[in-house]
Amino acid sequence: MRASFSGEVATYYARHRRGYPPEVLDALVGAFGLGAGDTVVDLGCGTGQLSLPLAARVGAVVGVDPEPDMLVLARQAALDAATVNTTWLLGTDSDLPALGRLLGERTIGALTAAVAIHFMDRDALFRAARPLLRPGGGVAVVTNGAPLWLQDTDWSRALRECLERLLGHPVTAACQTDEAGRLRNRDALVRAGYRYAETWVQYDAPLTVDDMVGGVFSALSADRLPSTQGRATFAAEVRDALGGRDEVTERIHVWLQFGTPD
Numbered sequence: 005m006r007a008s009f010s011g012e013v014a015t016y017y018a019r020h021r022r023g024y025p026p027e028v029l030d031a032l033v034g035a036f037g038l039g040a041g042d043t044v045v046d047l048g049c050g051t052g053q054l055s056l057p058l059a060a061r062v063g064a065v066v067g068v069d070p071e072p073d074m075l076v077l078a079r080q081a082a083l084d085a086a087t088v089n090t091t092w093l094l095g096t097d098s099d100l101p102a103l104g105r106l107l108g109e110r111t112i113g114a115l116t117a118a119v120a121i122h123f124m125d126r127d128a129l130f131r132a133a134r135p136l137l138r139p140g141g142g143v144a145v146v147t148n149g150a151p152l153w154l155q156d157t158d159w160s161r162a163l164r165e166c167l168e169r170l171l172g173h174p175v176t177a178a179c180q181t182d183e184a185g186r187l188r189n190r191d192a193l194v195r196a197g198y199r200y201a202e203t204w205v206q207y208d209a210p211l212t213v214d215d216m217v218g219g220v221f222s223a224l225s226a227d228r229l230p231s232t233q234g235r236a237t238f239a240a241e242v243r244d245a246l247g248g249r250d251e252v253t254e255r256i257h258v259w260l261q262f263g264t265p266d
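Residue 5 is where the sequence shown starts when you use my numbering, and the numbers rise one by one after that.
Hints are computed from structural coordinates only; laboratory data are not their basis. Using N, Cα and C, we set each Cβ at its ideal position, and we do this for glycine too. Check before you lean on any hint, since a few could be wrong.
[What the hints assert, rightly or not] Okay, the calculated beta carbon distance ranges per label pair: (1) 110 to 161: 43 to 51 angstroms; (2) 251 to 8: 24 to 32 angstroms; (3) 233 to 19: 27 to 35 angstroms.
Take these sequences, add in the hints, and give me the full structure.
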């Protein structure tokens, strides 16, 4: 994992990234029998999109992220929601063994990695997680839909054209949310000695132009953000490309990949 979501990028992330519907939380809880006695480590937690709703289902959530600005916003969101069972730690996937020494062996119900797995060393991470998991616990990799600019819709193609003009090059990054990325997750879990299972949740939800544009800016590194005027120009170009519409419908396909130690 690397720290690149700082400053205003973190703010865009907190404001415009989607959270997760109850069905995703149901699937996580059901996969590992999570409950009030469990601690979950959410690795690459960002601003708490998964950590915070999951905290309502378990005893405690430890959110870990390498970007201090993301953790500040996650902590504030927890305070705003009066969520008292979350802890926020600065760290990366390579810090999991040290965290394990603090927590103790076989003490967590699940390790989750939502959206951020493509920044991590899967093989080392999944091996390091095994001794921390209580019996019946496991690892969950969660993919929260395809990137906004790579979906098979007219609005997504229009957004991609605007984004390519902004950046000056083709935009093809799937952030390993595609089938090839899921296969990498599956193969790494199997190599590390986990029983593998997967499921998915699909739903439609409104997507405003503000959230579309903010979602794009949340995926850029801080040094790639356009100026304030450049951002306003980009938003206007996207709105024009959509024929003046302020809202579209996004179909979100959330994949959940589970590994349970043999």
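Fill in: Range agreement (Cβ of residue 8 with Cβ of residue 251, hint 24 to 32 angstroms)
30 angstroms, holds
Discussion item. Quick check on a hinted range of 27 to 35 angstroms for residue 233 and residue 19, using CB atoms only.
Written reply: Roughly 20 angstroms apart at Cβ, these two residues miss the hinted range, so it is violated.
Practice prompt. For residue 110 and residue 161, compare the CB-CB distance with the range 43 to 51 angstroms and indicate the outcome.
Written response: Once the Cβ atoms are compared, 48 angstroms apart, the range 43 to 51 angstroms for residue 161 and residue 110 holds.
Figure legend: structure checked against the earlier numbered hints; the only hint not met is number 3.
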